[in-house]
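Chemist: So the protein lines, in turn, are chains W and E. According to this note's numbering, the stretch in the first sequence is residues 1 to 249, in order. According to this note's numbering, the stretch in the second sequence is residues 1 to 95, in order.
Where hints are given, some of them may not hold.
Some chain W residues close to chain E (C-beta under 7 Å, calculated; not the full set) [stated by the list, open to error]: (1) Asp63; (2) Arg66; (3) Leu116; (4) Val158.
Just so you know, these hints were derived from the structure itself, not from any lab. C-beta atoms are modelled at their ideal positions from N, C-alpha and C, and glycine is treated no differently.
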Amino acid sequence: MTTLMTRPPSVAVVVFPGTWSERDFVHVASTVLGWNANLVWHTESDLGGADAVVLPGGFAHGDHLRTGAIARFSPVMRAVEAFADAGGPVIGSCNGFQVLTEEGMLPGALVRNDHLEFRCDWQWLRVERLQSANAWLGDLADGDRIRLPISHGEGRYVADAETLDALERDGRVALRYADGEGRVGADANPNGSERGIAGIVNERGNVLGLMPHPERAAEPEMGGTDGLRLFRSLERWLQRQPAAAERRL
Amino acid sequence: MPVRWLAEVHVALRSGINDPEGQTIGSALRSLGYASVSDVRSGKLLRIAFEAEDHAAAEAAVDEMCRRLLASPVMETASWELRADEQQDAEEANP
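Chain W on its own, in the form it takes in the complex (with noise of 0.2 Å):
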């Protein structure tokens, strides 16, 4: 007999030398939602029997070289890797995206933003249908609107067009920036992002990598909660599996 998952989740939240986002995802998971959250320091190998697993924002190794170059050889990763092969649900939000595409775990790159500013705002983005089972965003809609801070200079999405093709054709990409209408165009692009995309999953769906940060808009005295709707999609998701146990994460 399968048994579902009932308990609050727990999440692993990863820390290399330079996140800065860790300590708000941790408040968001423990605080506001009464789950479980332990910091995982990079050198670390094991996530601690983790649900879920979190690659923060921030400068990880400086962001030296390019960002998240250097994130992705820490022995954490290998670790990562395994989790989201397994089919762990793994987010990597700013930073925490670069590391994945760095590592290969999603496709294309971020460079810098094409007018070179360093972007700190709210940013309305537009949810689009995917066609993988979709552990961060199971809650929401194709064509829902979602309000999320954004905070970097290097979000521009980048691949080749054979590849944006593929994303686009095989349902993969989650997010775009949009207007408050919701209209995807240059003008709603707050870095010059190849096809407005600000969020895209990999072809099972359990990796999410987004330029937004979902941990900053979690709580309406921080301005707004549609972060929590990822958050509240996962908890949903993990309640859907057998219990960890079973899964042999």
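Chain W is already provided as a structure; the job is to place chain E on it using the hints.
Modeler: This is chain E only, laid out in the frame that chain W set:
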């Protein structure tokens, strides 16, 4: 005995990828009166001192460094110049 080598690695964005830094530098040059400047591409220069048995081994090592770390296969290209580190040879000849 291993020889010391010096590699100067140039990393640049692939030609199809927009280079706003290069464009901004280009417009700064034009605004300084260099009206004929039509294109600037920015990049990185990495000077790497290391040891290898011979030229072929040194070449292979730099190639691997570029593939594994120095240049993103998605958005960058790398090229390099490799030479024996003569400064060290001179130091060893005249201690």
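Chemist: Which of the numbered hints above does this structure break?
Modeler: 1
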